[in-house]
Every structure is written in structure tokens, then in C-alpha cells.
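S.K.: So the chains spell out like this:
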Amino acid sequence: MQTRTVYLVDDDPDVLLATQRLLVSAGLDVAAFQSARAFLEHYDTATSGCLVLDLAMPEVTGPELQRTLAERDAPLPIVFLTGRGDIRACAEAMKQGAVDFLAKPVDGADLLSSVNQALTKAAALQTERAARTHAEKALAGLTVRERQVLVHVVAGRLNKQIAADLGTGEKTIKYHRGNLMKKLGVRSVAQLVRLVQRAGVGAPGAEV
Amino acid sequence: MGWIDMAWPMVGATSLTLGLIYLLIWLRQRSQHGYLLFFVAAAAVAAFSLFELRMMRATTADEYATTLRWAHVPIFILFLSLVGFVRLYFRTGRPWPGYAACGLRAVSLLLNFRTGVNINFVQVTAMLTVPVWGGESVQIPVGVANPYVVVAQLSNLLLIAFVADATVGLWRRGDPNARRRAAVVGGGILLFMLAGSVLAALLNYGLIRIPTAVSVAFLGVIVAMAYDLGWDVIAAAGLNARLRESEDKLRESEHRLQLAASAGELGLWEWSVAADEIWTTREGRVLFGYEADERVDLSRFLRSIHPDDRAAVERDVRAALNKGGSDFDQDFRIVLPDGRLRWVRSRGRIDRDESGVAMLLRGATHDVTARGQAEERFRTLVEAAPSAMLVVDTEGIITLANARAVTMFGYARQELLGRPVEMLIPERLRSLHEAHRQAYREEWRPRAMGAGRELFAVRKDGTELPVEVGLNPMQTFEGRFVLASVVDVSERKRSELETARQRDQMAHLARVAMLGELSGSLAHELNQPLAAILSNAQAAQRFLGRDPPELDRVTEILADIVKSDKRAGDVITRLRSLLKKEEPQHRPLDVNELVQEVLVLMRSDLLNRQIAVRTQLAQELPPVSGDRVQLQQVLLNLLINGCDAMGDTVTQRDITVRSESALARGVRISVADNGTGIPSEDLERIFEPFVTTKPQGLGLGLAVCRSIVRSHNGQLSAANNPSGGATFTIELPAADRLT
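Chain order of the listed sequences is A and B. Position one of the first sequence corresponds to residue 1 (my numbering), numbered consecutively onward. Position one of the second sequence corresponds to residue 1 (my numbering), numbered consecutively onward.
If you are wondering where the hints come from, they were derived from the structure by calculation, not from laboratory data. All C-beta atoms in this analysis are idealised placements derived from N, C-alpha and C, irrespective of residue type, glycine included. Please note that a few of the clues may not be correct.
[Unchecked claim] One-sided and incomplete, this derived list gives chain A residues near chain B with beta-carbon spacing under 7 Å: (1) R21; (2) L22; (3) S25; (4) A56; (5) G83; (6) G108; (7) A130; (8) H134; (9) K137.
[As the list claims (entries may be wrong)] Examples of chain A residues lying across from chain B (beta carbon under 7 Å, computed): (10) V15; (11) A18; (12) T19; (13) P105.
One chain only, chain B, in its complex shape (with noise of 0.2 Å):
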């Protein structure tokens, strides 16, 4: 056997191969007509190259005439199919010459079978044995060519221009997909077809003599298109894949709603309006205790709803449904079927047809029953507390008040909810009132309110109660709030006043007290200016007996006598106020002076115990803002104490008083002895009262001095000196820190 006989069956085999690999995929896919058509048309070329090996083999002249007649059906096909597979494929190019050619090859076929032997001779005169390539020898015919052929090699024109019709118009689309279909497929086509159709004329006119290879030109045809094929399948295939991505892809994030809705007990819902049909997710139908079978329409779901809610929930839906309706977003209660109660929370969003009509309502709803129950909890909560409890949105408006404090306002609940908590507040200050709430918007944290400042509430009747306030701020899912406790002071400010009443009665006592220790020196200081009148005044009366009376020094006597009056007025001024039981009176103090004030009091007290006193007094303190004769009385009291201390064991006695600033803006005073100081348990233990180290002291004194600074926002304390005795020190917020 020759390589001719193997050459040409595989032609045919490689051709039909690929034709039924095209059809395989056809019969997945049915709507691909595109590869039956090349089914069909590779079908076609590998039975033509049967059709042209049994020509090769043809021992007589006749044996070739009858098979080349018949090998023209084949062909037939083959244009057919072509052209469907360019008009398929290319979309493109004027589709006349496609339907000629197939028209013309048909009238070939026709004429094929009616005049002489085929369309390509009238008849075969002889066959000739021509030796090829190899050492092998075919059969080449030699006769009348037939003249009816210029047909069939019309068609084979008609079919080749509309190929390169198509093709032009293919490559002009300008995308590269297209160009490569047009460069590949229709140059392909193009090529071998007009190979094939040269070579058959040649062949037909006896001008060569050479083997009929017209079948491996369509070969190559064949081959063409599989090429363009074969990249459709792997495109194809490429889409497959990313479809089953996405189809994953989305069967999962399904997976996840899923998963997130049990997770979260979100129960997932749709009402389709029209059908009035309501489908849930198995989760949603525990959620509403429907059975899993069930049936839900609108009514069965608002017949789950508590009575109580249930007119609001369909209202909402009815305006959810309405033409520019809002999404629906509702917190309700469902009577389950065992009769106990479940909270939910429900929020779903209109689906619209073009012209607005609700086509679906669909959302998810989840138990928020302990939220409900935390929200009860708190409710009962706010309500049973001691302290009148109100809950005040950003605006300033009252969303909650309890019991307490409808009692202590003397409001129905009813007139305080749903307006502005600044009708609580006295008119006075109220605008301050604004202000503040503004301010705590932007410092949001729980504090108390007004720190320092009295603040008042106003009840209906118009009375003021002082009160004090703690504001917290709360996170809903409404917004924030305020939940602010009032708490009336009106008691707790009586008792104080009281306190206070009872400590300036214990500071009198003490204080009328150490003036009788001070007494001695008050009436020797008072005695100074009495004996300089009455010497002056005798004096006068001497100088006005003489002759003549000596009236200059009279004059300036009188003088004198006047000034030393007003000094002994003063000193009783002092005592007597001293001595007065009167309420306290704040005003802002010289420190300073108060200390010299003191020691002139002291004075003579001083001289006589054989004190010396050395002041160090800072210029330019702060004023102090405090009672005059109640901080005197702690000076003195001091400077008593240490004069005491020092009794008689000390040779060099001395008491320095001082006076600086302090930090953070207050004062500072000490009174320093070189006494025998304080035993370092004691040093604390003197603040309280009936405490004493002296024979005769009540202990009264520094527990009072103590009282009377602390009610001054000060501090009193002692300390030893390193080099003996001690130091009473106090420490006095300036006056402007105060206000």
C-alpha cells in the first residue's frame, strides 16, 4: 500500500474527527447551529476525500466518470454548509452571493447527472498512469472536458467572493476578536477554497498531471473553522467556569443570609401584595409561632400581633403600602400560640412596580423580647426611685418622668411628657438653663449638674425648691437622652442652716469666752486712752487757771483729748462687735490687716507676758472672703494658744505671725511660737472639742476655730517647728475662687 492509500483516509479522518467533536458539543448544546454546520461540512470533506482516493484507484475510464459524478454531492453539502457557517459566524457581508453560489452548485448537481459523464466531461477517453513523489503511480483521467462546468467554477467564484465579502466586512468591525475570526477563518476559507477550485480546473482541462488533492485544500478549510471554533469552546469553557464561581459564590452568601438570620434570629419574610401571600424562612415562622405548613396571609399576621399593638403594626403597613409610603419599621408584641408574649422588632423595605403601586413588601423581623424586658426592668426601675427621675431627649424635651417626680413638681404625669424640661426651672434662669444643655451635648458624659452652684427647681404652683441634679446620658436606639435624677435639698439645706446656726453659737460662746481670758488686756488698752484724757484734762484745767490763761496749749489739749476719745471708742466698737451675737457676715478681707487688727487687741496681753511678735506679711494677697470678727476670733485664739505654750519656762519668747499666698490661688496665715509644742499624737487630737492641755480651757477653741475656717472653705492645721514649739497654719481660698 502506498502513502497515496494512507494519505487520503486520513484526510477523511482527521476531517471527520473534528466534525465529530463538533457534533458532540451540538448535542449539548442544540443551539450552537454553528457546529452542526461544521459537522455537516466536515462530514462532507472527508467523504469527498474517499470519493477522490477511489478517482486516484479508478481502472477504467468509466470506473472515474461515475465517482467523480457522485463526488459532487458531497460538494453540494459542503457549500451549503458553508455558507450557513459564514452567514452564522460573521454575521456580516452582503448574503446574495452566498445564495447564489449554493443556487449555482445546485444547478451544477443537476446538470452533473444529465449531460455527459459529469459536469466536468462530456466523456473519459482513457485513464492514464502517472507516477508521483515516492515511487507511487495514480490514475489521472484524460477525455472531453465537459463545457457546462464553467458553472460549477461560477459557483465556486460566487462562493469565494462572498466569503471576502464577509470577511472584509468582519475585519472592519475593528475589534480584535472580530479581526482575528475575519484574519484566521475567512483567509482560511478563502485560501484553500480558491487552492482547491484552481486546482480542480487545472486538473479538469488535462493542463496538469498531478494526484486530485482538491480534498486536503478543503482540509485546510475544514481546519480553518475548527480554529475558530475551537476558540469559542475555550471561551465557553472559560464562561462556564466563571458561571459556576458566581452560582457558588451566590448559593453561599445564601448560605450566609441563612446563617446569619438563625444566627441573629433574624426571621426573613416577603408579602407578596397582590397575592396577599406571605412567605418566611423556617426561622420567622418559630418567630410568629406559625405552623410550618401554614398558610400566612396579612390577616393571619396581624391576628399574631398583642390586641394592644396590633392597630399601629397595620396602620404602618397601610402607609408603608401607599404611593411614596416610608419603609416599615415597628416594634410590637406577638401573642404566641401558648399565649406568652414575644417582642419583636420589624423592619422591611416596598418593592414598586414602574408607576409606584407596591408589588412587595419584604424585611426581616428578630425578638428583641429582652431588650423589652431590660426596657420593663428599667421602667420600673426609674419609676420606684426615691429621687424624681426624668429622661430628656436632645431638644430638651421630658419623654419620661416617674412618680417621684410628679410628686415633687406637682405635675400630672400627662403635663410633663412631651414638654420642655425648662418648665421646671425657674424663669429666672432659665435661659441659663438652655445654654447648659446645649454645652452638654458637646460634653457628653454622666456628671453632676452645676457643680458648686445652687440650683433651683419650680414646681406648678410656682414655689422654688432647691435641688440637686445628676445627669446621665443614655445610647438608644431612639437617639440620646438624658436621664436626669432630681433630688429635692430643701431638707438637707435646712439642716445645714442649722449646723451653721449652731456653729456661730458655739463660735460666740467660745468667743466671749477667750475674751474674758483677753480681759486684762482689753482694759488696759481701753485704760491708755482714758488716763491721757483725764491727765490732758487736768492739764487744761491748770493751764487755764493761770494768769493769764494759757489758751494755745488749751486748744491743742482739747485736740488731743478728742483723738484719744475716739481711741477709746474704737476699742469698745471692737469689743462690742466681738461680743455681738450676729449672723455671719461675708465680705472680702485684707489678710493683712486682720492680723494687725489682732495684735493691736493683743497688745498689751503681749507686753505683758514679755512676748515679742514679728510679722512677715506678703504685700499684694488676694482678699479672703469671710466673716471680720469670726476670723479674728481664730487669730486671736492662736495667738492666745501660743502665748500660753510658751508660760513661763521659756527665757525668749516669740510668736511670728505670717502671711503668703497659697497655692491655687488662696492664703495662707501661720502663727508660730517657741513653745513646748505639741505631743505629735496630739496633733490632731486638739481639733476636738473638750480637748485641752490647759488648767483652765474648756477645749473649746480650736474645735470652734476649726468649724469657723472649714465654714470659710478653709483649713486649719498644727505642726511642730523643727527647732521647737509649734505652727498653727490656715489656709483660705482667695475671694474670686468663690463666686
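One chain only, chain A, in its complex shape (with noise of 0.2 Å):
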């Protein structure tokens, strides 16, 4: 498993320094900036973490950052710190995918375990993502036949109806079957369900 950054991103040096050293102590790896600006430069989507993140912010502010890693599908769990009880920030905070939302000062327990939740998101993001790009590959590798015959597997229906549906012989379906069964991985129908939706592919007749 590789190394998760706390990325740690607040305007006043004074705080920034401090919760980067809690967060340090914690024996946790941390990555701090002065101002979104800062960290965007450094940020790569590739990397796993959670970012710390300050509300009111010059230039670019905290909830116009997550805006902007939302649009870039970044896998980073966001835990909101803020100087003053601002409920409508907050809702709008959580409801686009905040971990949580702290107010300072923040005890170091609350900050810690909030850093936590948001580090085991981040690698529960990760393993889906993995998966996610397993699955995308495989599904990558099938025929276009076989595609189609996959769509109407999922989709629950049997190898009899599908040749009907196809215009073809329910032997040719069930030889196709096979294949992109064996292709993908996997032995059962449920297990193909589930690879299929990891990959994000729609619902069955989706694409046909």
C-alpha cells in the first residue's frame, strides 16, 4: 500500500503551521500551502490523500477548490476547517462530498480522527478505483459481439431470448458467452454484474 499525504491547505501561516505540526505528530504525512493556488501547482490526481482544507480563503476559497477537484474527478476526501459557524457553508460543503466540517480551533483528537475517516475514504476511493480501471480494461478487450452479448447477460436474460433478440443460433450465443466470460474473469453472472457496474457501464440496452 502506498503512502497517504494530508494535504493541508490554509492562508494564515500561524494555523498553517500549527495543524501541520498536530497533523505531523500524529506521524501522519503532510503536505502544506498557503493558498489553493499553491497546492493545485503541486496537487497530482494520480497520488492518494485527503486534504485539510480552510474555508475563507483570498483569491480562490475553500468551497471554489473543491468545486475545481470535483470537476478534475480527483480521489480526495475533503475535511473543511473554518473560523466561524457558517451552517449554509457547511451544508454546502457536506453535500458535495466533504468529510467533515471542523471549527477552529479544532480539537486534535476531532482533527485526527476526521483526517483518519478521510484517509480510509481515500483508500476505499483507491481499491475502487483500481478495480474500476481492471474492469474498464477487460471490458476494453471484448468484441463488439460479444459486448452485445454481455449487455443481455447482465441484463439477466437467457442465452435462448438473446438469440432471438440477436438474429442468431443459441449456440453461437452461448460460444460468445464463454468467451467473454473467460476474457473477463469471471465464473458466475453475479460476478459479472458486479465487474460491470465498477466499470460505471450503464444499465442494461444502455449501449447495444
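Two independent chains are provided; combine them into the complex using the hints.
M.R.: Right, here's the structure in full:
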């Protein structure tokens, strides 16, 4: 398992340094930035970790950075810190997928708990992401005919029904089915369905 | 009738005419004996010419001899008058030859009647008819010459010598007038006397046979004399004209003096000290109320004076009479017969004899009742004035003080008059005042005293009072004075202080209300260091808990905790100073520093509202004198207003804070937003209390801001920007301009 970095963004240098120290004292790997821009310049979406983000900052604010990261599909769970209890901002941040929303001054235990939660989420995201990559890769190796058959199989149809729909014999369908199961490395239809779901392929019939 | 019968009477007539002219002149100017002498001489010559004509026309020797004998009478007279004339006119030369000539002529006249037929002949034997020019003929005698004729001839020579001596003397005097007289009169007399004498001698000895023309020569003498007299007459006429002219002028200037005296209502007077008689012009009598024919002496004069003024006038008159006494110059009142009062001013000068004793006191008096009344009115006005009035001379001596001055300063009037005005000024300011008083002499115009400075006066009991003083120069007959009006401003100062106190209270209330608005932002400013402290402390705990404890890190952390704690402390101090209710303290302040401090307080709020603040702060601005808290309040208020004005409607929210030097050594601070701006009709109204555009606003902020800025001698104004939004501008004078 690769190292996970806690990214820290706060415009107040004193607060930034203190927060960094707290995280470091918990044995975490921390990268601290004084502005959203500096962070974005440094951040690579391929890496794994979480983000501790100050809400109110000059230029690019916390929620703005949150949106930017979402657009880039970055797997970076966010813990918000704020100097003032702004309920509207909190609700909006949570809706957008933030892990937690903490008020300063924040207790070290609370922060570490939220960060760990975020890092767990990050790990899950990473696993999921790896599985999806695998599934996508496998699906990409199928022929057109095999993909057509796959869609029908995932939709729960019988070989006979599929053959009728595609205008071919039941034997041919059986053959394609065996091939694709082998190519995708699954043994059961249930396994097949999970793989397709992971890859994000839509509902049956969505791609025919 | 031949020409001789015409010529000789003409000679006589000419001579007589000239003589008569001067006789007439002499009759008018009897003192001029010269004219009379001339007339006598001329008449003698005229008479002699007639004798001579008779001699030339004598038919017998006897007739000729008798005529000649009598002809010597006018010659004698001619001699006397000639000598007298020369003596009188030339005023030079030796007199004795003249007297001798006259004496000898008298002797010869005696011999003329006692010897022979006359002085010329012992006997005339025959008459010859001798033809002359023009077909005429005259009778000339033939006879034996009288040996005594030498006496007559000697007298002729003496006369000539006498005239010659006088002529030379006159010539030597040198002035052109004398030389002219010597040449013409002396020369003429000499020439014609000589010619006459020679002619007479030649005829007498029968050496030539021509008509006896001695009278023609004598006429020459007369003409020469008349010529000179004519000059005198002309000169006299000129003199007369000048005299008349100067008389005219004198009369004219007298007239003018009279005119001026009556126009200026001047009464001219003259007091003969010895005779104790006072002469005055008609105007003078009217002025003093004397009867037209009344005799006026000193006691009458003194009686006409108001009893209160009488002693002073009499003293001054006596003083003027003393040896070395000065001129008389007095203002006094006259009681007229009908009881009316008249103010007059009288000036006189003493005339003294050689020993210095006063002879005459003469001068002029004029009516100054109008001025006197004006002075009375002035005094009444000054007395009734509500402020203290002091009239001070150029030496700073109080010459007049009104009732209010007495009550204001606590001195009796007599204690003020004649004393230096510095006595009313606190000792610590006295020397300064003297210097100012000197300077005021140079700059002689009405003005307020000590513009911009606080002035104090001191009462008799030593207490001080704040005053305002107005100075007015007065030019009077007695010289220059300053009318100082002094107003006690204690009451006003008190009410000003009260107003200031109320303003400060209001400012404090507004400040507290404003800080309420800012509380979120301020809480955040306090939160940040607290957050840092907490995180640092907990991190330190963890580092200490490690095995081994990471003490280096802990040391570092503790230093940062101290730093953050100070930061929090600063925020609290600032907040407290804004909340505290303190007397404003004016100190020199750096405007840019003020702006930065306010922006720190606002930072969180600005962040939260997504407002970008730009600062354009000029370097090297002069410091302003002011109360830090109050000026911070003004700036905070303007910034909050700017933020509120931009609300949510504006996408790009900017506030620009600018500082720059203003005209006339001041500083200008402006806060510009790009919000909705202010309706132009409200630009002034927004500074009124209880006028607000905000739903929650009290409407006190800007009113308080303006009163704060005004209490700093500054201005606060609002204007809309051409590109949208509004700009508020504070102008403050530089600190050094106030001192």
C-alpha cells in the first residue's frame, strides 16, 4: 500500500504551521500550502491522500477549490476547517462530498479522527478506482458481438432470448458467452454484473 | 517876424514847460525838493531867454545895458538852484566849490548893479546890426569891458569845478544807475555850462559877432536835468504800481483770511496783555456770545467759560504768559447767554518783546461742539457696550475703560486708567503681548487679536479668564489709539467643551454599535491565533509523549505559541481601545499606519464578503494630529459602508483606499467602492443623523464620522465615481499646521 499524504491549505501561516505540526505529531505525511493556487500547482490526481482545507481564503476559497477538484475527478476527501460557524457553507460543503466540517480552534483528537476517516475513504476510493480500471481494461478487450451479448446477460436474459434478439443461434450465443466470461475472468453471472457496475457501464440496453 | 523872434521864446517856453511839469509833480510830492529846485532852474532859464531876445533886439546902447544888467538876476537864481540840485541829486563831491560859486555869483550880482552899466561892460558905446543866417539880423553891443567881469567868470569856473567834482564822485560809485546819472546829468550840465560860459566870455570881449545864444546852452542844462528826473518819475511810477499791487494782495489775503475764518467758523482774537483788551472778529464775538460793542477783557473772557473748565483755561493762559511759556491750546466749553453750551478749541501764540515779556496773545477759536458731542456719544456707546472696551494709546497705557471692563477685570475704573494694559494679561504671556503690541503699530488696521491662539486675561484677584479681543485703530487729534473690545468667552468655552464631550460620547456609542457589526470578523481575528495555539499545544503534547520526547520541536512550538498569544493579545487590546470610553488624545499620527491597522481589523470580514482591498498609499506624508481611535473609527465606518454598498449584486467587489498629500499642507484619505453609488440628491443628506440606506442602520455612522473629522479641523465629503460606486474623502490638516 502506497503512502497517503495529508494536504493542508490555510492562508494564515501560524494556523497552517500549527495544524501541520499536529498532523505530523500523529505520524502523518503532511504537505502544507498557504493558498489554493500553490496547492493545485503541486497536486497530482494520481496520488492518494486527503485535504484539510480552510474555508475563507483570499482569491480561491475553500468551496471553490472543492469544486475544481470535483471537476478534475480527484480522489481527495476533504475536511473543512473554518473560523466561524457558517451553517450554509457547511451544508453546501457536505453536500459536495466533504468528509467533515470542523470549527477552529479544533481539538487535535477531532481533527485526527476526521483526517483518518478521510484517509480511509481515500483508501476505499483508491481500491474502487483500481477495480474500475481493471474492469474497464477487460471490457475494452471484448469484441463488438461479445459486448452485445454481455449487455443482454447482465440484463438477466436467457441464451435463447438473446439469440432471438440478436437474430442468431443459441449455440453461437453460448460460445460468445463462454469467451467473454473467460476474457473478463468471471465465473458467474453475479460476478459479471458486479464488474460491469464497477466499470460504470450503464443499465442494460444503454449501449447496444 | 524872423526865426530868432520865434526860436528864443520857444527856448523859454520849452524850459518853462519842463519846469511846470515838475512843479506839478512837486506839488503832489512836497518832500521831493529836487522837483522844486528844477522848476526854479527851468523858470530862470526861461526868464533869461526872454532877456536875451530883448538884448538882441535892443535899439539903443542904454536899452541893451539895462536889459543885460537885469538878466543877471535869473542867472544868479539858476546858479543857486543848480548847486542845490546837484547836491541833492548826486550826494557826492565836495560842497565848498558850489557854495563858493554861489558866493562869487552873489558878489558879481552886487558888482553888476554898482559898477559900470553892468558886470560885463563899463560902458556900451554903440550897437551894431549884424546879419545872421536866414536873412535875419541882430543887435550886438560895442563897448568897454568891465574889469569885474572876472568875478562872474570865476564863479562860472567854480560852478563847473563843483559839478565836475560831484560827477566824478558819482561815477566812481560804480553802480549802473549812478554812472548813467553821472554821464547824462553831470556830463550834460558840464558841457552846456562850459559852452554858455565860453560863449558869454567871447561876446563880452567882442571877439565874435553872433547872436547871444547863452540861453540855448542853459536849455541843454535843463534838458539834462529833466532827463534824470524823468527816470526818477518813471521809477517812482513803477514803484507806485508795485506798491498798489502789493496793497491789493494784502487786501486780498486779508479778505481771504476773513473768508476762511468765517467759513471755518473761526473766531480770530488778539489780547493786548498790558492794556488787558481783547479784540475779536465778528465771528469771534458770535462764538463767545459777546455783544457787538462790548469791551472784552480777560475776566470777561473767563466769565464766558463753563465753570468746570475755567480754572484749567486760566492756568493755561497764565502759563503761556510766563517767560519761555508755550503756546496756548485748549479745549473748553462756553456758556452762551441763553445757557446753551458750546465746545470750542482755542489756539494762540504769544508775541514777546526783546526782553521776553509777553505783549500780545493772538489766535483763533473754533466751534467743536459737533465733535464734542460725537465724543460724548462715543463715550456713551463705549460705556454701554456689552463687551469690555479699553482705549489704549501707542505706549500701551489705558486711557478709557467702560463699565463692563470694570466688572470683567474687577478693578475700579481709577485703577485702570493711566496704567499699562499689560496688567490685564497673565504674567506668563506679558512679554509676548508687548511684542505683539509693537507689531500692531506697524500693521495699523482692525483685526482680531491673536488669530488662532487662545487668549487669556487676568482679573484683579489673579483668576484667569479666556477672552477674545478685537482691535480697532483710532486716529484722533491727540494721536493714535487702539480701541480693544474684550469678550469673556468662558461660557462659550464651557459650552464648546460640553459639545465636544457629547460628540465624543456619541462617537463612542457609534463605535460600539459598529464593532457589533464587525464582531464576526473580530471573533475570527481572535480565533486564528487561538486555533494556532491549540494545535501547537496538542502537537507539543504528542511530541513530548514520544519515546524519546522530541524536545527540539517542542521548543520551537512553544516559541510559536508565545507569538500567537501576543497576536491574540493585540487584537484584544485594539478591540478594547475601540470600546473604551476615553477622552480623545491628539497626537501626531501616520495616516498610512492608521489605514493598515484598520484593514487588519477588517481583514476577515473583507475575506468573508469576497471583497478585494487595494491600497494606494503615498509615501512621506506629513503626520496629522488626531485621536487614533476616533480616526480609526471613521475609516472603519467608511470601509464597512463601502462593503455594504456592494452587497451581493456586484460581481467584482473592490475597495480602494488611497492616501495622498492635499493642498495647503494636508493629507487626503479616500475610500472608494464600486457599488451602487449614492443618489445625487442624498450626497449631503447622508451625513445628517438618522438618515440611512441600510435596513438595520441607525443612521448615525456618517454623522458621527463627520463630527469627528470636523473636530480634527478636517472635512469629510462624499462623491460618486464616474465608473460607478462612491468615494468618501477625508481631508486633514498636517500636524505642524495646527501649532
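S.K.: Is the interface hint satisfied for A/G108? The criterion is a beta-carbon contact with chain B at less than 7 Å.
M.R.: Interface hint status for A/G108: holds (3 Å vs cutoff 7 Å).
S.K.: A closest beta-carbon separation below 7 Å is what the hint needs, so does A/T19 meet it against chain B?
M.R.: Constraint on A/T19 satisfied, holds at 5 Å.
S.K.: Against chain B, with CB atoms and a cut of 7 Å, does the hint on A/A18 hold up?
M.R.: Cβ of A/A18 sits 4 Å from chain B, so the hint holds.
S.K.: So, as I understand it, the hint says A/S25 touches chain B; can you test that by seeing if any CB pair is closer than 7 Å?
M.R.: holds, 3 Å
S.K.: Let's test the interface hint: is any C-beta of chain B closer than 7 Å to that of A/K137?
M.R.: With Cβ-Cβ at 43 Å, over 7 Å, it is violated.
S.K.: Return the status of the interface hint for A/R21: holds when the least beta-carbon distance to chain B is below 7 Å, violated otherwise.
M.R.: holds, 4 Å
S.K.: Less than 7 Å between beta-carbons is the criterion; does A/L22 satisfy it with respect to chain B?
M.R.: holds, 4 Å
S.K.: With chain B as the partner, please determine if A/A56 meets the hint condition of a C-beta pair closer than 7 Å.
M.R.: holds, 5 Å
S.K.: So, as I understand it, the hint says A/P105 touches chain B; can you test that by seeing if any CB pair is closer than 7 Å?
M.R.: holds, 4 Å
S.K.: Given A/G83 was flagged as interface, is its beta-carbon under 7 Å from a beta-carbon of chain B?
M.R.: Hint holds; A/G83 Cβ to chain B Cβ min 4 Å, cut 7 Å.
S.K.: Classify the hint on A/A130 as holds or violated, based on whether any CB of chain B lies nearer than 7 Å to its CB.
M.R.: violated, 33 Å
S.K.: So, as I understand it, the hint says A/V15 touches chain B; can you test that by seeing if any CB pair is closer than 7 Å?
M.R.: holds, 5 Å
The structure fails hints 7, 8, 9 (numbered hints given earlier, in ascending order).
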